[in-house]
Amino acid sequence: SQTIHQWPATLVQPVGSPLSLECTVEGTSNPNLYWYRQAAGRGLQLLFYSVGIGQISSEVPQNLSASRPQDRQFILSSKKLLLSDSGFYLCAWIPQGHTGELFFGEGSRLTVL
Amino acid sequence: GEDVEQSLFLSVREGDSSVINCTYTDSSSTYLYWYKQEPGAGLQLLTYIFSNMDMKQDQRLTVLLNKKDKHLSLRIADTQTGDSAIYFCAESRDDKIIFGKGTRLHILP
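Chains H and U supply the protein sequences, listed in that same order. Residues in the first sequence are numbered consecutively from 24, following the working numbering. Residues in the second sequence are numbered consecutively from 662, following the working numbering.
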């Protein structure tokens, strides 16, 4: 069966520290992968998406970056966190050629102090 | 504009029908979706509609699509306390799924 794992679930980081959130998908190959951020009162904002290894599209200019080193691995990073980076980060995937139902991970809640 | 728009709040009495509205932007969107997010949980797909359909019904849920006006609505019949959640409208746009800000549905006793 297909599953998605995302970690860590919760983290508290100081301003200026680095960030790495990881997401892996099991039971499928060549999925489309997505990073969304849900900030309080601001809905779900698409940050990055990837249609294949090494292919990253950025939706919002910011100090975050994403990488896809393997087919089923999607990483969200930052070299120096800002206070405004706080939020709930969700990884999601869609099988290639599917109707477009997004399957979400459990989410990672980031608090930057 | 570029955004998927929906109202932020809706209050409905238990047993009444809830209607959540959404306007989207891309007339070439293939699929339009409604996702539900319960408190403290992730998002789950409620239903979706293909762009060549006008209506889709699934038990208590009815989705109406007006492609000319780029308007999508979700009707929940006989609203229950368990329907209390945030409802997100979303559209497919090339390889992306773009979400609205969500409508928080509050159920009144």
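Just so you know, the hints here were simulated from the structure itself, not pulled from any lab data. Any given hint could turn out to be false.
As the list claims (entries may be wrong) - Example chain H residues on the side facing chain U (calculated, C-beta under 8 Å, incomplete):
no., residue
1, N55
2, G66
3, L69
4, L70
5, Y72
6, I76
7, I79
8, D94
9, L105
10, D108
11, F127
12, G130
To be verified - Some chain H residues well away from chain U (every beta-carbon gap over 12 Å; in silico):
no., residue
13, S73
14, Q78
15, S107
16, L125
17, V135
Cβ atoms here follow ideal geometry from the backbone N, Cα and C, with glycine treated the same way.
To see whether the hints hold, each was checked on the structure:
1. N55: holds (6 Å)
2. G66: With Cβ-Cβ at 3 Å, under 8 Å, it holds.
3. L69: holds (6 Å)
4. L70: violated (11 Å)
5. Y72: Cβ of Y72/H sits 6 Å from chain U, so the hint holds.
6. I76: violated (15 Å)
7. I79: violated (12 Å)
8. D94: Result: violated, 16 Å to nearest chain U Cβ.
9. L105: violated (22 Å)
10. D108: violated (19 Å)
11. F127: With a closest approach of 4 Å, the F127/H hint holds.
12. G130: holds (6 Å)
13. S73: violated (9 Å)
14. Q78: violated (10 Å)
15. S107: Fine: 17 Å to the nearest Cβ keeps S107/H off the interface.
16. L125: violated (6 Å)
17. V135: holds (21 Å)
Comparing the model with each numbered hint stated earlier shows that hints 4, 6, 7, 8, 9, 10, 13, 14, 16 do not hold.
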